[in-house]
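Residue numbers (this note's numbering), protein chains in the order written: chain A, 1 to 138; chain B, 139 to 327.
Take the hints with a grain of salt, since some may be wrong.
From the structure, some residues in chain B lie toward chain A, with a derived Cβ separation under 8 Å [said to hold, decoys possible]:
1) Leu-142
2) Ala-143
3) Trp-149
4) Met-161
5) Pro-163
6) Asn-199
7) Trp-200
8) Arg-201
9) Asn-204
10) Ile-222
11) Leu-256
12) Met-267
13) Val-274
14) Ser-294
15) Thr-295
Calculated pairs, DMTMM-like style, for lysine to aspartate or glutamate (alpha carbon to alpha carbon, straight line, at most 25 Å) [said to hold, decoys possible]:
16) A:Lys-58 with A:Glu-69
17) B:Lys-189 with B:Glu-202
18) A:Lys-133 with B:Glu-202
19) A:Lys-133 with B:Asp-194
In short, the hints are calculated from the structure, not lab data.
Ideal placement from N, C-alpha and C gives every residue a C-beta, glycine not left out.
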Amino acid sequence: MRFLPYLLAGLAFGFVMIKSEAASWYRIMEMFYFQSFHMFGIMASAIATGLTGVLLLKRYGHLSTLDGEAIVIPQKAPGRYNYIFGGLIFGLGWGIIGLCPGPIFSLVGMGSIGALAALAGALHGTWLYGLVKNRLPH
Amino acid sequence: MNMLAWLYAPWPWYVSGPLIGLMVPLMLWIGNRSFGISNNLRHMCAMTQPKSVGVDFFHYNWREHNWSLVFALGAVLGGFLAGIVFANPNPVALSVEALTMFSYWNVPIGEGFLPPVLFDLTLMSVTVMFAGGVMVGFGTRYAGGCTSGHAITGLSTLQSQSVLAVMGIFAGGLLSAHFITPHLFSLFW
């Protein structure tokens, strides 16, 4: 039962990934060629909504989580090069396969062979990062 | 439009964008979680790493992140529901410019959600998708997040590290989408 909210949140997220067409390779290419407002509209309105939601959570500081804990916003680890180079490498892949990790998971649910191959690749890439992590600038 | 038609139709950006953005406060409210999905790639490696292999990055108690794996499972189920059960019968409504570009690239269009040339089972498509997947997996772990964790959560919570990551992501995507992807089609298909 403890995991039910996460299952439902994930289900909603996966559903929206498909319905928004953010999981469509065509839409991602269209975005990188600035041929449609669709993906930019999604990103901008998502960030605006997230920002507003977080501000409201902060403003009503007495709000707590489902478990009754005080709400604390998790912070990203300090660093510089890892964010730039990691983002760059991820972006290079994204511009080819047209899928970021969210859509990879939701397309696996659609039984897409290409998404399964991408997932297998992503797991190998993650493994590779684990192997060379300490030799990379962060 | 009635409710059922809405479930089958693709959703406009002003419906789907805010729904994605709501994930950020929702995950905080559920349990102080940072909305993001690519950490699961690390957990999946940690789950399957044999005890004899000593890669530090995968030595931690992944069971503490069960909630995240459940979230990913939900995303898979959501994809099944949206893409199979409530599948949009029409092809993606792309801009005229994009349709022209794809026909110039020799990518068949109008067949649905994904180009078969990249997503059906052929040696070439699986090779390209796997290789691109390696970059996505490596890059998201190096950057500590993907589009959800950095572009949505990181920017919504005003974190400067995520600004760097998003700049890197978009620069990388522009480079490969313009200088690699179009040539893949002329080379291999």
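- Given Pro-163 of chain B as an interface hint, is the shortest Cβ-Cβ distance to chain A below 8 Å? holds (3 Å)
- Query: Does the nearest C-beta of chain A fall within a distance shorter than 8 Å of the C-beta of Trp-200 of chain B?
  - Reply: It is violated, given that the least Cβ distance between Trp-200 of chain B and chain A is near 13 Å, above 8 Å.
- Message: For the restraint on Ser-294 of chain B, tell me whether the closest CB of chain A is nearer than 8 Å.
- Response: holds (3 Å)
- Are Arg-201 of chain B and chain A close enough, Cβ to Cβ, to be under 8 Å, as the hint says? violated (12 Å)
- Between Lys-133 of chain A and Asp-194 of chain B, is the straight-line Cα distance small enough, at 25 Å or below? holds (9 Å)
- Query: Taking 25 Å as the top limit, are the C-alpha atoms of Lys-133 of chain A and Glu-202 of chain B close enough?
  - Reply: Satisfied, since the Cα-Cα distance of roughly 22 Å is no more than 25 Å.
- Report holds or violated for the interface hint on Asn-204 of chain B, using the least CB-CB distance to chain A and a cut-off of 8 Å. holds (7 Å)
- Holds or violated: Leu-142 of chain B as interface residue toward chain A, Cβ cutoff 8 Å? violated (14 Å)
- Message: Trp-149 of chain B was flagged as interface toward chain A. Is the shortest Cβ-Cβ separation under 8 Å?
- Response: holds (4 Å)
- Message: So, as I understand it, the hint says Ala-143 of chain B touches chain A; can you test that by seeing if any CB pair is closer than 8 Å?
- Response: Check failed: Cβ of Ala-143 of chain B comes no nearer than 13 Å to chain A, outside 8 Å.
- Assess, step by step, whether the Cα of Lys-58 of chain A is no farther than 25 Å from the Cα of Glu-69 of chain A, and give holds or violated. holds (14 Å)
- Query: Measuring from the C-beta of Ile-222 of chain B to each C-beta in chain A, is the shortest one below 8 Å?
  - Reply: Constraint on Ile-222 of chain B satisfied, holds at 6 Å.
In summary, the numbered hints that this structure violates are 1, 2, 6, 7, 8.
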